[in-house]
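The primary structure of each chain is shown beneath.
There are 2 protein chains.
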Amino acid sequence: MTDTCYDVVGIGNAIVDIIGRCDDAFLEHHGTPKSHMRLVEAATIETLYGTMGPGIEVSGGSAANTMVGIASLGGSAAFIGKIADDEFGRIFAHDIRAANVAFKTAAAAGKGPTSRSLILVTPDGERTMNTFLGISTNLDQGEVDPALIESSAIVYLEGYLFDQPEAKAAFRQAASVAAKAGRKVALTLSDGFCVDRHRVEFLELIRSNVDILFANESEITALYETSNFDEAARRAASDSKLAVLTRSAHGSLILSGEEKISIPVVPVENVVDLTGAGDLYAAGFLFGLTQGLSLENAGKLGSLAASEIISHVGARPQKPLDTLARANGLLS
Amino acid sequence: MTDTCYDVVGIGNAIVDIIGRCDDAFLEHHGTPKSHMRLVEAATIETLYGTMGPGIEVSGGSAANTMVGIASLGGSAAFIGKIADDEFGRIFAHDIRAANVAFKTAAAAGKGPTSRSLILVTPDGERTMNTFLGISTNLDQGEVDPALIESSAIVYLEGYLFDQPEAKAAFRQAASVAAKAGRKVALTLSDGFCVDRHRVEFLELIRSNVDILFANESEITALYETSNFDEAARRAASDSKLAVLTRSAHGSLILSGEEKISIPVVPVENVVDLTGAGDLYAAGFLFGLTQGLSLENAGKLGSLAASEIISHVGARPQKPLDTLARANGLLS
Chain A
1 MTDTCYDVVG IGNAIVDIIG RCDDAFLEHH GTPKSHMRLV EAATIETLYG TMGPGIEVSG
61 GSAANTMVGI ASLGGSAAFI GKIADDEFGR IFAHDIRAAN VAFKTAAAAG KGPTSRSLIL
121 VTPDGERTMN TFLGISTNLD QGEVDPALIE SSAIVYLEGY LFDQPEAKAA FRQAASVAAK
181 AGRKVALTLS DGFCVDRHRV EFLELIRSNV DILFANESEI TALYETSNFD EAARRAASDS
241 KLAVLTRSAH GSLILSGEEK ISIPVVPVEN VVDLTGAGDL YAAGFLFGLT QGLSLENAGK
301 LGSLAASEII SHVGARPQKP LDTLARANGL LS
Chain B
1 MTDTCYDVVG IGNAIVDIIG RCDDAFLEHH GTPKSHMRLV EAATIETLYG TMGPGIEVSG
61 GSAANTMVGI ASLGGSAAFI GKIADDEFGR IFAHDIRAAN VAFKTAAAAG KGPTSRSLIL
121 VTPDGERTMN TFLGISTNLD QGEVDPALIE SSAIVYLEGY LFDQPEAKAA FRQAASVAAK
181 AGRKVALTLS DGFCVDRHRV EFLELIRSNV DILFANESEI TALYETSNFD EAARRAASDS
241 KLAVLTRSAH GSLILSGEEK ISIPVVPVEN VVDLTGAGDL YAAGFLFGLT QGLSLENAGK
301 LGSLAASEII SHVGARPQKP LDTLARANGL LS
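Chains as they are written, first to last, in this note's numbering: chain A, 1 to 332; chain B, 1 to 332.
Just chain A, same shape as in the assembly (with noise of 0.2 angstroms):
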């Protein structure tokens, strides 16, 4: 591999978290299925705006959570996502580069607003979100730059893309450009109601173009239709080369051939709100990698900066995650 600029170039949705609490009963009046992100239209997320409590405007968008992750353990990041020319396009914008993490796709205009994302926290911490992509839907191949992908040690994509054809091809455009240069392919399968919609070319794409594919217990269960963990996990094993499966609570599974490594999670004192684990973890492991880390403490140091985020509303670190990755010993 030659040298790269990037240790990791995240393409995902660019999207403003609104983030409120409410009861379990809210979530189900309003037919949103607990924990899952589901795609509503400016005139649902308007109703559900208007019935919530108050809310917290953060920056969000699951792969650019992971970037922002990565740059924050001290590596460098960049992101390719789509905003407008609004006031939550300026919020996104400023938040991801105040993080260090390159960000250059241009603002849209005139295209809908900017995405953003309704995340009702219920008292256990879980996170239901309700996703208006707005501007996202645009995203295309031309906002894929070759050269940034070329000089990125590792491309890594967020399954939600593969809801907006334009974006997909652009996912797609990505891999195969990153594939010729020798970089690395990682995948988040995002969502499990995300994979049962993509099921067939999530599958195609993992079998062919993929290195590392993270999925948590929902997500890999869904692409392979059983509701056996077990038999996910050796069915991913199988079809992937290195498969890392996130469980919450029961910590993560790093799947490599014949090899299989359980990684504990790390305890938190207080459990605020779930929302970004995932994208945490991703952020821990794959920086791990390109550290040369141990498939084992990459897995350690993705439970790590988890722990961090749930410890607090939102899911951009709070804390700098290289200090925290130095005081476990993980980094030096």
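Just so you know, these hints were derived from the structure itself, not from any lab. The model shown is predicted, which means the values in this text are computed figures rather than measured ones. There could be a bad hint or two in this list.
Distance condition first, Cα-Cα at most 16 angstroms in a straight line; then the derived EDC-like pairs of lysine to aspartate or glutamate [as the list claims (entries may be wrong)]:
1) A:111 to A:140
2) A:34 to A:24
3) A:319 to B:41
4) B:111 to B:41
5) B:319 to A:124
6) B:34 to B:23
7) A:319 to B:225
8) B:319 to A:23
To list a few chain B residues with every Cβ distance to chain A over 12 angstroms, as calculated [unchecked claim]:
9) 53
10) 68
11) 241
12) 256
13) 297
Simulated restraints on C-beta separations [said to hold, decoys possible]:
14) A:107 to B:193: 55 to 61 angstroms
15) B:33 to A:261: 52 to 58 angstroms
16) A:267 to B:33: 39 to 45 angstroms
17) A:97 to B:209: 57 to 63 angstroms
18) A:5 to B:33: 51 to 57 angstroms
19) A:97 to B:250: 39 to 45 angstroms
20) B:50 to A:53: 28 to 34 angstroms
21) A:249 to B:332: 38 to 44 angstroms
22) B:46 to A:272: 31 to 37 angstroms
23) A:241 to B:47: 46 to 52 angstroms
24) B:46 to A:46: 25 to 31 angstroms
25) B:23 to A:200: 49 to 55 angstroms
26) A:24 to B:138: 50 to 56 angstroms
Cβ atoms here follow ideal geometry from the backbone N, Cα and C, with glycine treated the same way.
Please arrange chain B on chain A, whose structure you already have, making use of the hints.
For chain B alone, coordinates are given in the frame of chain A:
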């Protein structure tokens, strides 16, 4: 006093806070006086925002925070303040209404954006504010509904409004309507620099038309141009019917005629962000008065509400304050 619809109506700037972290060197470099509020132009706020770290957006505004605190304590509150028809205006309106505060001021189109304050929090928890007033400067007498003032037991006025001539006129009008209707008028001095700008007018208002005066140490010493707090307190007691002086970690002092009551702070394990401490103290104190609490217990309720707000980022309560007050035996 006849029946009222609201315990308290607040008049102030309708602001969305953009909260980030920085060190003391950053404040010094940008010539931003620590722990104070300064008014800045659009260009200055752009420069500051461009250089500060990632932020979190949370609704704010001093009197608005106080009204939300009163509602959270179980009181009925209303707010008057000017927003623009933009994203931040929608955030402000949503959050205050979702907190059960009546807010009916119409959004104004095309007169500048909704007010915003860049709040920089240093590691010691102190907050330094850079406020761009935008549309707030357009609050005028037409916005102050006399019927609303007359139907509220207390009208609470934010000193910051004195920075705008039209708002100052609206402010005086509200105080006069309240006095005629036999309602109480409460005033917070807001900030030491704000007092420097409007000392003579503040003194005149306090002596003629204020029933309850709130000030912190820097504000009350600025008002009386003395570095001696005891001297300032003595003069405040003589100039006002009821003066409530907050002194950060040193607790607060309630002065009513010859009476002088010291209230200790409620200890907080981890002070995260002092933004809103004074606003929430005022919420607890004012709500306590409307519930017939003694001055001492009203002060204790103020201290308790302040202790919740400084334990997290942002000046809006994250826990229901009525539950907290009942758990501490201050409300039944």
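Consistency of the hints with the structure:
Pair hint residue 111 of chain A plus residue 140 of chain A holds up; C-alpha atoms about 13 angstroms apart against a cutoff of 16 angstroms. Only pairs whose Cα atoms come within 16 angstroms are accepted, and residue 34 of chain A paired with residue 24 of chain A is accepted, the gap being roughly 8 angstroms. Distance hint between residue 319 of chain A and residue 41 of chain B is unfulfilled; the C-alpha atoms sit about 31 angstroms from each other, more than 16 angstroms. Between the alpha carbons of residue 111 of chain B and residue 41 of chain B the distance comes to roughly 15 angstroms, so the proposed pair stays at or under 16 angstroms and holds.
The hinted pair formed by residue 319 of chain B and residue 124 of chain A meets the criterion: a straight-line CA distance of about 15 angstroms does not exceed 16 angstroms. This hinted pair checks out: residue 34 of chain B and residue 23 of chain B have alpha carbons roughly 11 angstroms apart, not beyond 16 angstroms. Between residue 319 of chain A and residue 225 of chain B the alpha-carbon distance is near 41 angstroms, which puts this suggested pair outside the 16 angstroms criterion. Straight-line distance between C-alpha atoms of residue 319 of chain B and residue 23 of chain A comes to about 14 angstroms, which keeps the hinted pair within the 16 angstroms bound.
The Cβ of residue 53 of chain B does not lie farther than 12 angstroms from every Cβ of chain A; its closest approach is about 5 angstroms, which violates its non-interface assignment. At the 12 angstroms boundary, the C-beta of residue 68 of chain B falls inside the reach of chain A, the nearest C-beta of that chain being 8 angstroms off. Residue 241 of chain B, annotated as away from the interface, keeps every beta carbon of chain A farther than 12 angstroms; the closest lies near 34 angstroms. No beta-carbon of chain A comes within 12 angstroms of the beta-carbon of residue 256 of chain B; the shortest separation is about 34 angstroms.
Every Cβ of chain A is farther than 12 angstroms from the Cβ of residue 297 of chain B; the closest lies at roughly 27 angstroms, confirming the non-interface assignment. For residue 107 of chain A and residue 193 of chain B, the hinted distance range of 55 to 61 angstroms is not satisfied, since their beta carbons lie about 36 angstroms from each other. Range check, residue 33 of chain B to residue 261 of chain A: about 54 angstroms between beta-carbon atoms, so the 52 to 58 angstroms window is met. The hint said 39 to 45 angstroms for the Cβ distance between residue 267 of chain A and residue 33 of chain B, and at roughly 42 angstroms that hint holds.
Taking 57 to 63 angstroms as the suggested C-beta distance range, the pair residue 97 of chain A and residue 209 of chain B does not conform, at roughly 49 angstroms. Range check, residue 5 of chain A to residue 33 of chain B: Cβ separation about 41 angstroms, and the 51 to 57 angstroms hint is violated. Between residue 97 of chain A and residue 250 of chain B the beta carbons are some 41 angstroms apart, a value that agrees with the proposed interval 39 to 45 angstroms. Judged by the Cβ atoms, the range 28 to 34 angstroms given for residue 50 of chain B and residue 53 of chain A holds: they are separated by roughly 32 angstroms.
Here the CB-CB span from residue 249 of chain A to residue 332 of chain B is close to 39 angstroms, well matched to the stated 38 to 44 angstroms. For residue 46 of chain B paired with residue 272 of chain A, a C-beta distance near 32 angstroms keeps the hint of 31 to 37 angstroms intact. Between residue 241 of chain A and residue 47 of chain B the beta carbons are some 47 angstroms apart, a value that agrees with the proposed interval 46 to 52 angstroms. Look at residue 46 of chain B against residue 46 of chain A: about 30 angstroms separates their beta carbons, and that is inside 25 to 31 angstroms.
About 52 angstroms separates the C-beta atoms of residue 23 of chain B and residue 200 of chain A, a value consistent with the hinted range of 49 to 55 angstroms. Roughly 43 angstroms separates the CB atoms of residue 24 of chain A and residue 138 of chain B, a value that falls outside the hinted 50 to 56 angstroms.
Hint compliance for this structure: hints 3, 7, 9, 10, 14, 17, 18 and 26 are broken, all remaining hints hold.
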